[in-house]
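Student: When you get a sec, could you build the whole thing from the sequences and use the hints?
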Amino acid sequence: DAGITQSPRHKVTETGTPVTLRCHQTENHRYMYWYRQDPGHGLRLIHYSYGVKDTDKGEVSDGYSVSRSKTEDFLLTLESATSSQTSVYFCAISELGAKDNEQFFGPGTRLTVL
Amino acid sequence: TQLLEQSPQFLSIQEGENLTVYCNSSSVFSSLQWYRQEPGEGPVLLVTVVTGGEVKKLKRLTFQFGDARKDSSLHITAAQPGDTGLYLCAGPRGKTSYDKVIFGPGTSLSVIP
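Protein chains in written order, with my numbering: chain A, 1 to 114; chain B, 1001 to 1113.
Hints are computed from structural coordinates only; laboratory data are not their basis.
Where hints are given, some of them may not hold.
Said to hold, decoys possible - Each pair of labels, with its calculated beta carbon distance range: (1) B:D1067 with A:H10: 41 to 47 Å; (2) A:G40 with B:I1112: 21 to 27 Å; (3) A:T71 with B:V1044: 21 to 27 Å; (4) B:E1017 with A:S69: 47 to 53 Å; (5) B:N1018 with A:E79: 47 to 53 Å; (6) B:T1062 with A:S80: 45 to 51 Å; (7) A:E14 with B:K1057: 48 to 54 Å; (8) A:G40 with B:N1018: 21 to 27 Å; (9) A:D38 with B:H1075: 24 to 30 Å; (10) A:S69 with B:Q1014: 48 to 54 Å; (11) B:P1081 with A:P107: 20 to 26 Å; (12) B:P1008 with A:T26: 34 to 40 Å.
Just so you know, even glycine gets a beta-carbon here, dropped at the ideal spot from N, CA and C.
Tutor: What follows is the structure, given as structure tokens:
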């Protein structure tokens, strides 16, 4: 199994509070991704990174920011959590990019915003 | 906007039955991937198809990429309870995209013993 962990695994927070989710990899892969998964929507890309300090927006980036100061860590921050951000969040890594190459997914973080 | 649609959304079958699930788009994709996600876990890649008309087999699973590269199917022969999960297709986002993909909404399969 690819060495990828997410923390926390579960979190309950209140509307308006900031939240940071962490993704940590031990594979030294260049690409890292944050997705959210909601019923009926599959996986939707929030932000991704193609190198240290190199990030770009995905299709549902509003209300989220990311940072990657080291190859192994990719942080997702919800600046001011809203109930619509209740979801399961997955981090993924890829050595050569997602097209035609495998993405390895972490175990997910279940976030509930009350 | 590129979209991937999957059907059926839900499928519940008895152990030993055969089934086919579909991934469709109005856009041409240079390749498509199939992932399986078990409850409480992240998705795991099953296969990547890159040539129109291509057929790939993985034990009891047969994947086909449509000739026009707008659709793909996954056929499972003699389904087993271990096949239970969410099946997701994914394709490159944009003609020149090499670094990110879009996912379909998935087919949730339940195989009853």
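Student: Could you run down the list of hints and mark each one as holding or not?
Tutor: Hints, verified against the model:
About 45 Å separates the C-beta atoms of B:D1067 and A:H10, a value consistent with the hinted range of 41 to 47 Å. In this structure the supplied range 21 to 27 Å holds for A:G40 paired with B:I1112, their Cβ-Cβ distance being about 23 Å. Between A:T71 and B:V1044 the beta carbons are some 23 Å apart, a value that agrees with the proposed interval 21 to 27 Å. Look at B:E1017 against A:S69: about 51 Å separates their beta carbons, and that is inside 47 to 53 Å.
Between B:N1018 and A:E79 the beta carbons are some 49 Å apart, a value that agrees with the proposed interval 47 to 53 Å. Look at B:T1062 against A:S80: about 48 Å separates their beta carbons, and that is inside 45 to 51 Å. A:E14 and B:K1057 have their C-beta atoms about 50 Å apart, which keeps the hinted 48 to 54 Å range intact. One distance hint, 21 to 27 Å for the beta-carbon pair A:G40 and B:N1018, holds here, with the actual separation near 26 Å.
At about 28 Å, the beta-carbon gap between A:D38 and B:H1075 stays in the expected band of 24 to 30 Å. Range check, A:S69 to B:Q1014: Cβ separation about 52 Å, and the 48 to 54 Å hint holds. Hint check: B:P1081 to A:P107, Cβ distance near 22 Å, so the stated range 20 to 26 Å holds. Remark: the range hint 34 to 40 Å for B:P1008 to A:T26 is upheld by a beta-carbon distance near 38 Å.
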